[in-house]
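Q: Sequence:
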Amino acid sequence: MSTNNPLLQDFKFAPFSKIETEHFKPAITEAIQLAKSEIENIASAETEPTFENTIEELEFSGEKLDRVNSIFFNLNSAETNAEIQKIAQEVSPLLSEFRNDIILNEALFKRVKAVYDQKDQLDLTTEQKTLLDKKYKAFSRNGANLPKEKQEELREIDKQLSALSLNFGENVLAETNKFELQITNEEDLDGLPESFKEEAKGVAESRDKEGWIFTLDYPSYIPFMKYAKNRELRKKMAIAFGAKGFHGDELDNQENVLKIAKLRYQRAQLLGFDTHAHFVLQERMAETPEKVDSFLNELLEKAKPAAEKEFAALEKFAKELDNIDRLEKWDSAYYSEKLKQKLFNLDDEKLKPYFKLENVIDGVFTVAGKLYGLQFNETSEVEKYHPDVKTYNVTDENGKDVALFYADFHPRPGKRGGAWMTEYKSQYIKNEKEERPHVSIVCNFTKPTKSEPSLLTFNEVTTLFHEFGHALHGMLANTVYPSLSGPNVYWDFVELPSQVLENWCYEKEALQLFAKHYKTGEAIPMELVEKIKESSNFQEGMQTVRQLSFGMLDLSWHAIDPTDINDVKAHENKAFEPTKLYPDVPENCMSTAFSHIFQGGYSAGYYSYKWAEVLDADAFEYFSEKGIFSKEVADKFKNNILSMGGTEHPMTLYKRFRGKEPQPEALLKRAGLIEK
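Heads up: the sequence shown begins at 760 in the working numbering, then just goes up one per residue.
Take the hints with a grain of salt, since some may be wrong.
Restricting the straight-line Cα-Cα distance to at most 20 Å, the calculated cross-link-like pairs of lysine to any residue (SDA-like) are [claimed, not checked]:
1. Lys1206 / Ile972
2. Lys1292 / Glu1384
3. Lys1159 / Pro1170
4. Lys1088 / Ile998
5. Lys878 / Phe857
6. Lys1189 / Ile798
7. Lys937 / Lys1189
Computed Cβ-Cβ distance ranges for the label pairs, DEER-style [unchecked claim]:
8. Gly1128 / Asp1320: 47 to 55 Å
9. Lys888 / Lys995: 54 to 62 Å
10. Glu842 / Glu1079: 52 to 60 Å
11. Lys1189 / Asn1136: 21 to 29 Å
12. Pro1172 / Glu865: 43 to 51 Å
13. Gly1280 / Gly1132: 21 to 29 Å
Since the hints were derived computationally from the structure, they do not count as laboratory data. C-beta atoms are modelled at their ideal positions from N, C-alpha and C, and glycine is treated no differently.
When you get a sec, could you build the whole thing from the sequences and use the hints?
A: Here's what the structure looks like:
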C-alpha cells in the first residue's frame, strides 16, 4: 500500500490538509484492488457459506474504498475544480466496472444465494434478515441471473450511464458559473433591498468590475426575482436560469437527457422490468409507477382548483398594480411577494434581522437538544476542506460521543447549487466496537457583507432545518451494518426526518428560542410569528401543483418506453400540460438542468418529496397533540425512525412510531386544501 498517500493510510477524520488532487486517482485505484482481493477471498473460500463468512464479510468489504470515495465525491460537489472533475470522469467508469465485477461474480453470487436459500432455517435477527435480503437483491436485481452476453451488455450500459450523469452535472455547474448580470445603472436596482445590493456590489468588486453583479446562485437569483422592479431584467435572469443546458452548444444537455433515459430503459428491460420506474419502485414504499401516478393525480385533483384560483388572484393583482396583461414566469416571485406583503404585511426583509445564521444554527442545536438530548461543541481539532466549513463534536446528555458534524453554508464557484446532507463515514458496529458517523450538511446561504452578518430568509431557515433533519437521521443511527444505517432507507422514506423538522420553524415555542434581532437581541415579536404561521399556506395550491409537475415530469421520462422521444422540449411540454399555469417559455427547458433525476438519485423518485410530506404532516400532528417538545413522542421518533435506519420496512417502523398508517388528510389540512 502506498505509504505516502494520506488517503491510503489509516485516519480517523478526513485528512483534508494532507490531500493533494493527484492523490485521488491512485488512492481509488489501489482501494479498488484491495476491495477486489477481499471479495475474491469471500468468493473462493472453501468453507460452507454462512451468514457470517459471506453476507457479513461482504458488508464490511471495501471499507477503505468507501472512505476514499466519500471524500472524493463530496469534494466534487462542494469544492470542485477542473482537475477534480477530470478525475471524476476517469474513476467513475472504474467504480462502475468494479460494482459490476461484484454483482456479476458467479462464485460470489452462488455463496450469497446458498445463504439466502436457507434463510428460514437460520437464527437471524430482524436486521440480519434485512441485510441478507438486501444483499441477495443487489445481485438478482442487477443482472446476476442473466446469461453472460447480457451481463456484458449491462456492464456497458452502466459504464455509459456513469459518464453521462457526471457530464450532465458538470454542464449544469458550468452554465451556472458562466452567467452574470452586470448592472451599472443604479435605477435598474429599483426594489432591491440594500443588503442585497451591497452583496452584489461585493461580487462585482471581487471580479474587478463596475457596478453590481447578479448570478444564478440561489442567494443571488431568488431575491433578484422577488424584488427587482425592472421586468426586462427579471426576464433576462429567468430565461438564463431556465435555459441551463439548453443552448445547443458544448454545454448542452439534451443529448445527455435522451441517452440517459433510453439507457435506463434498456437496462430495466434487460433485467426483466417494464420500465426504469418499475425497476426503481420495486424497492420503494410506493411499489409501482401506477401507485405513484394515482398518488400524484389524487393530490393534483385537490390542489389544481386552489392553484387556478390563486393564479387568477395573482394575475388580477398584477393587472391592478402595474397593468400587466399576461403573467409570465418571471413575474411570479415578484408579484407573489408584493401580494404576500399586502395580505399579511410580511416580507423577508422584515424577518431577516431575526434570522442571523449563527442564531439559527444555535436554534436548530437547541431544538435537537430539547428533543433528543444532543449537545454541539464547535471544535478546531478537525481538518476542513475550506475555511467556511464549521466542525462540531456531537455528544448525548451523558457526554458520550454521538457524531462529528461538518457544516458548509455559503456559495462559491467550486460548489454546486442547492443544499444537501452527506456522510464522510457511516455509523456501524464491528467486532463489538461501535463506529460513530461523520455527517455533513452543505447549503448555499446569503454571505455576510461588510456591514451585515449572514441574515437568512425564512425559506433559508426552513432549508437549514430540513438538511439538519437529514443530519439527525445520520447522527442518531444505531445499527450494526453500515448499509442499513441512518439515511440508508427507502428513497420515499428518506425525506421524513428532514421534512418533519421544518415544522418547528413555524412554532412560537421554537422560534422564541433563537429568532432574536441581530442588533438589539429583541425576540421576534409575536405578531410576526402569527403572520409566519398565517402566511404558511399562501399560494399552497400553486406550490403543490409545481412540486407535482416535477414528479410527473420525472415519471414521464422513466415510466414509459422513451425510445421514440427525440425532442426533449416537446416531451417536457406534454408532461407539464396537466399542471400548467404560466405560459411556456420557448427558450427554457427544465429537463436539461433537472439534476435531481439526471445526476442525483431521484430518477423515478421525485414524487418522494410529496410522499414524505404526507408522512411528515401525519407525524407532526402527533407532536402537536402531545406538545412539540414532548419527550414521549421524540423518544418514539428517535427509537423507531431515526435510530433504526433501513433495518426494517419503513411502514413497519412508521406504524410502530405512530400506532397507525399515515393519513393524507393531515397534509391536505395543513396545506389548507381541505377544511380542518
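Q: With reference to the structure, classify each hint as holding or not holding.
A: Evaluated hints:
The straight-line distance between the Cα atoms of lysine 1206 and isoleucine 972 is roughly 14 Å, inside the 20 Å bound, and the hint therefore holds. Of the pairs offered as hints, the one joining lysine 1292 and glutamate 1384 holds, with about 17 Å between alpha carbons and a cut-off of 20 Å not exceeded. For a cut-off of 20 Å, the pair hint linking lysine 1159 to proline 1170 is broken: about 33 Å separates their Cα positions. Under the criterion of a C-alpha separation no larger than 20 Å, the hint pairing lysine 1088 with isoleucine 998 is consistent with the structure, at around 9 Å.
Between the alpha carbons of lysine 878 and phenylalanine 857 the distance comes to roughly 28 Å, so the proposed pair goes past 20 Å and is violated. Taking the CA atoms of lysine 1189 and isoleucine 798, the gap is near 18 Å; set against the 20 Å cutoff, the hint holds. Only pairs whose Cα atoms come within 20 Å are accepted, and lysine 937 paired with lysine 1189 is rejected, the gap being roughly 47 Å. Distance hint for glycine 1128 and aspartate 1320: a CB-CB separation of about 52 Å, consistent with the stated range 47 to 55 Å.
Judged by the Cβ atoms, the range 54 to 62 Å given for lysine 888 and lysine 995 holds: they are separated by roughly 57 Å. In this structure the supplied range 52 to 60 Å holds for glutamate 842 paired with glutamate 1079, their Cβ-Cβ distance being about 55 Å. Against the hinted window of 21 to 29 Å, the Cβ-Cβ separation of lysine 1189 and asparagine 1136 comes to about 27 Å, which satisfies the hint. For proline 1172 and glutamate 865, the hinted distance range of 43 to 51 Å is satisfied, since their beta carbons lie about 47 Å from each other.
Remark: the range hint 21 to 29 Å for glycine 1280 to glycine 1132 is upheld by a beta-carbon distance near 27 Å.
Hint check: violations occur at hints 3, 5, 7; the rest are consistent with the structure.
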